[in-house]
Amino acid sequence: MNNRVLVIEAGRTELHYWKDLWRYRELFFFLAWRDILVRYKQTVIGIAWAVIRPLLTMIVFTVVFGKLAKLPSEGIAPYAIMVYVAMLPWQFFANSLSEASNSLIGNANLISKVYFPRLIIPTSSVITSFVDFLISSAILLVIMVWYQFWPTWRIVTLPFFTLIAFLASMGVGLWLTALNVKYRDFRYIVPFIVQFGLYISPVGFSSSIVPDEYRFLYSLNPMVGVIDGFRWAILGGESNIYIPGFLLSLTVTLFFLVFGIMYFRKTEKKFADII
Amino acid sequence: MPDIAIKVEQLSKSYFIGHKRQERYTALRDVLANKAKALGHRLLHPFKGTEGVMFTADTTEEFWALQDVSFTVKHGDRVGIIGRNGAGKSTLLKILSRITEPTKGRVELYGRVASLLEVGTGFHPELTGRENIYLNGAILGMSKGEIKRNFEAIVDFAEIEKFLDTPVKRYSSGMYVRLAFAVAAHLEPEILIVDEVLAVGDSQFQKKCLGKMEDVGKEGRTVLFVSHNMAAIQALCSRGIVLNNGSLINNGDIAESIFCYNQIGRQPKQQFINPNNLCITNITVTPVDIVIARSNAAVKIIINFYNPKLLPSCYLNMVIENSEGLVLIHLRTDSFDVYPSFTPGDHEIEIYIERISLRTGIYTAWFRLFCNAGDIYEIADSDTVMFEVMGNQVGGVIEVPYKWYLDGKILNCN
Numbered sequence: 684m685n686n687r688v689l690v691i692e693a694g695r696t697e698l699h700y701w702k703d704l705w706r707y708r709e710l711f712f713f714l715a716w717r718d719i720l721v722r723y724k725q726t727v728i729g730i731a732w733a734v735i736r737p738l739l740t741m742i743v744f745t746v747v748f749g750k751l752a753k754l755p756s757e758g759i760a761p762y763a764i765m766v767y768v769a770m771l772p773w774q775f776f777a778n779s780l781s782e783a784s785n786s787l788i789g790n791a792n793l794i795s796k797v798y799f800p801r802l803i804i805p806t807s808s809v810i811t812s813f814v815d816f817l818i819s820s821a822i823l824l825v826i827m828v829w830y831q832f833w834p835t836w837r838i839v840t841l842p843f844f845t846l847i848a849f850l851a852s853m854g855v856g857l858w859l860t861a862l863n864v865k866y867r868d869f870r871y872i873v874p875f876i877v878q879f880g881l882y883i884s885p886v887g888f889s890s891s892i893v894p895d896e897y898r899f900l901y902s903l904n905p906m907v908g909v910i911d912g913f914r915w916a917i918l919g920g921e922s923n924i925y926i927p928g929f930l931l932s933l934t935v936t937l938f939f940l941v942f943g944i945m946y947f948r949k950t951e952k953k954f955a956d957i958i
Numbered sequence: 002m003p004d005i006a007i008k009v010e011q012l013s014k015s016y017f018i019g020h021k022r023q024e025r026y027t028a029l030r031d032v033l034a035n036k037a038k039a040l041g042h043r044l045l046h047p048f049k050g051t052e053g054v055m056f057t058a059d060t061t062e063e064f065w066a067l068q069d070v071s072f073t074v075k076h077g078d079r080v081g082i083i084g085r086n087g088a089g090k091s092t093l094l095k096i097l098s099r100i101t102e103p104t105k106g107r108v109e110l111y112g113r114v115a116s117l118l119e120v121g122t123g124f125h126p127e128l129t130g131r132e133n134i135y136l137n138g139a140i141l142g143m144s145k146g147e148i149k150r151n152f153e154a155i156v157d158f159a160e161i162e163k164f165l166d167t168p169v170k171r172y173s174s175g176m177y178v179r180l181a182f183a184v185a186a187h188l189e190p191e192i193l194i195v196d197e198v199l200a201v202g203d204s205q206f207q208k209k210c211l212g213k214m215e216d217v218g219k220e221g222r223t224v225l226f227v228s229h230n231m232a233a234i235q236a237l238c239s240r241g242i243v244l245n246n247g248s249l250i251n252n253g254d255i256a257e258s259i260f261c262y263n264q265i266g267r268q269p270k271q272q273f274i275n276p277n278n279l280c281i282t283n284i285t286v287t288p289v290d291i292v293i294a295r296s297n298a299a300v301k302i303i304i305n306f307y308n309p310k311l312l313p314s315c316y317l318n319m320v321i322e323n324s325e326g327l328v329l330i331h332l333r334t335d336s337f338d339v340y341p342s343f344t345p346g347d348h349e350i351e352i353y354i355e356r357i358s359l360r361t362g363i364y365t366a367w368f369r370l371f372c373n374a375g376d377i378y379e380i381a382d383s384d385t386v387m388f389e390v391m392g393n394q395v396g397g398v399i400e401v402p403y404k405w406y407l408d409g410k411i412l413n414c415n
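So the protein lines, in turn, are chains A and B. In terms of the numbering used here, the first sequence has 753 at position 70, counting the first letter as 1, and numbering is strictly consecutive. In terms of the numbering used here, the second sequence has 76 at position 75, counting the first letter as 1, and numbering is strictly consecutive.
These are calculated hints, taken from the structure and not from any lab test. Be aware that a few hints might be false.
[As the list claims (entries may be wrong)] When the alpha-carbon atoms are kept at most 27 Å apart in a straight line, the in silico DSS-like pairs for lysine-lysine are as follows:
| no. | chain 1 | residue 1 | chain 2 | residue 2 |
| --- | --- | --- | --- | --- |
| 1 | B | 219 | A | 953 |
| 2 | A | 949 | B | 38 |
| 3 | B | 208 | B | 75 |
| 4 | A | 952 | B | 163 |
| 5 | A | 953 | B | 38 |
| 6 | B | 209 | B | 149 |
| 7 | B | 208 | B | 170 |
| 8 | B | 105 | A | 949 |
| 9 | A | 724 | B | 170 |
| 10 | B | 213 | B | 149 |
| 11 | B | 219 | B | 149 |
| 12 | A | 702 | B | 75 |
| 13 | A | 865 | B | 36 |
| 14 | B | 105 | A | 865 |
| 15 | B | 8 | A | 953 |
| 16 | B | 105 | B | 75 |
| 17 | A | 953 | B | 105 |
| 18 | B | 213 | B | 145 |
| 19 | B | 8 | A | 702 |
| 20 | B | 36 | A | 949 |
| 21 | A | 952 | A | 865 |
| 22 | B | 105 | A | 952 |
| 23 | A | 953 | B | 21 |
| 24 | B | 170 | B | 145 |
| 25 | A | 953 | A | 702 |
| 26 | B | 149 | A | 724 |
| 27 | B | 21 | A | 865 |
| 28 | A | 724 | B | 145 |
| 29 | B | 209 | B | 170 |
| 30 | A | 702 | B | 145 |
| 31 | A | 702 | B | 105 |
| 32 | A | 724 | B | 163 |
| 33 | B | 208 | B | 301 |
| 34 | A | 702 | B | 149 |
| 35 | A | 865 | B | 38 |
| 36 | B | 21 | B | 8 |
Given only the sequences and the hints, what does the whole structure look like? Please build it.
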């Protein structure tokens, strides 16, 4: 019998919360595992969808923006790869946002009947999207082989940029999901942000197109920094990062992360009552 | 204080419920004005919530689901929490399970808590039984290793070995419930909280669950059990807590709690304390010649009352009930055609029962005097008095004199 005592009181900040997160660490993966399993149950093609979806999107983009609109690529890299390299983090971010913002409401039955740190729920949706990201990255390797395009040493920095993408998804996702519990409007706002963001972020084009005087302001979008970083790491050559913009994106990401966690923790206590 | 498992002090929980003003029509002007006020409030007070604040003519009311509840539970206790629907039982369990926060008050928990508030929490219909065991176990707080260790025992308890790899949406409701309980039953917490999960499932399942909970209690763990099934509660629990309208009204022995629960909502006995009317001042049940009533022993019931006016032609009724309100003994003076009269003043009535043929248990007795003669109409009920009958025969309600004969030889007799 351990002598641990747990005190529950109105308004008391739970110091146990972070210890509980560690104790429930396996739940992160169990919930992500559940979501992935369920996705492909009773499907015929099953896991092949994880490959087909990003592949098809890339093909459409290449045809529409590369061939029809004739947007320039970056340096010598083929347009298809430039688009795909940006699609990777963007899809990760967009999927995380969409799934995380609905995660709390989708798991309402868990929230009202079982205790575990609620932070686990949106985080596990981000992990699910991360698995998709990894699968898509594998496809990138195949594409690069197809185009005979070999990356430089800079690819080693990729995990760093991946981490920033992860943090950006988490930060904004947490904030949106906590808001969504109380104000269900976000169920409609988030898909709009995601669609809008796809054209605003430098996915179909390179951010070097943006005029210099607006480039700094443009980097307020956290994904600008991430996408630029991905391109720099993978495409090599003449792709370079606009440093002040990158730092601004990084700051915005960290701001959202801290603010998101704070807001989530503050409203978490009321979830079971208002969900 | 290592002996205490749960300590609850002045726990209160309130919710805000809104009432819409019933208008004949909704004016756009009103809607816009209210939205503007709300927006202004949010801009000026960004960190204050808008809970409880209404900007329309709609009203809001603070509803206290729990009010000033305090009790202590020791390690190894098995406590039944009973009350009518809406009394606050589930809210109390939610607070103890950390699902919702109290508004006021404090709880101290000594030991790991596992709650079973709903059967099959987290079950996903598309996943198979095997997958759901892992998922549900993880959600309830078991580690992967723990689940693996208990996997065989869980499947055994649920009796679904054949269907482990079928999606749970194909299960019958009985299988579903068996599986869900099986997972929860193998949690190994120090404090187990169970909420009305026996309502589903056939009697065999219920027996199995109760048996398992009893085992859990015997291992020295604390169990808090909420149910409407009084028989189950009485079988499992040693102590009881009764909640009514958010307040704790009884905290003691389980038989006492069940009695208290049965009294809630009963038509209140008409008590006339106006001295111009008939007033029953006292009722007692005492065994004759011994300290505690025993089966088949003599018992006398004494009622004292006062009437300021003459009461001609009265009916006297004496009722003895069991703890569930079933009338066991009903004695009436009109059954032998006697209608006594009472002159103004104090009176004493004694009912002498030669052999109280009841077995071990807790019973209640009450008395009614009824007078309807011409222009006089009086009726008075006494308080309900609780008394206990002791005996060495357990089971059943009625005690009878009996003899057993085996092959012609007398075995024993009462």
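Hint-by-hint comparison with the structure:
| no. | hint | result |
| --- | --- | --- |
| 1 | B:219 with A:953 | violated, 37 Å |
| 2 | A:949 with B:38 | holds, 25 Å |
| 3 | B:208 with B:75 | holds, 26 Å |
| 4 | A:952 with B:163 | violated, 42 Å |
| 5 | A:953 with B:38 | holds, 24 Å |
| 6 | B:209 with B:149 | holds, 22 Å |
| 7 | B:208 with B:170 | holds, 25 Å |
| 8 | B:105 with A:949 | holds, 18 Å |
| 9 | A:724 with B:170 | holds, 12 Å |
| 10 | B:213 with B:149 | holds, 20 Å |
| 11 | B:219 with B:149 | holds, 24 Å |
| 12 | A:702 with B:75 | holds, 26 Å |
| 13 | A:865 with B:36 | holds, 17 Å |
| 14 | B:105 with A:865 | holds, 23 Å |
| 15 | B:8 with A:953 | holds, 23 Å |
| 16 | B:105 with B:75 | holds, 23 Å |
| 17 | A:953 with B:105 | holds, 15 Å |
| 18 | B:213 with B:145 | holds, 22 Å |
| 19 | B:8 with A:702 | holds, 23 Å |
| 20 | B:36 with A:949 | holds, 25 Å |
| 21 | A:952 with A:865 | holds, 12 Å |
| 22 | B:105 with A:952 | holds, 14 Å |
| 23 | A:953 with B:21 | holds, 23 Å |
| 24 | B:170 with B:145 | holds, 24 Å |
| 25 | A:953 with A:702 | holds, 21 Å |
| 26 | B:149 with A:724 | holds, 24 Å |
| 27 | B:21 with A:865 | holds, 19 Å |
| 28 | A:724 with B:145 | holds, 23 Å |
| 29 | B:209 with B:170 | holds, 24 Å |
| 30 | A:702 with B:145 | holds, 18 Å |
| 31 | A:702 with B:105 | holds, 25 Å |
| 32 | A:724 with B:163 | holds, 20 Å |
| 33 | B:208 with B:301 | violated, 40 Å |
| 34 | A:702 with B:149 | holds, 24 Å |
| 35 | A:865 with B:38 | holds, 19 Å |
| 36 | B:21 with B:8 | violated, 39 Å |
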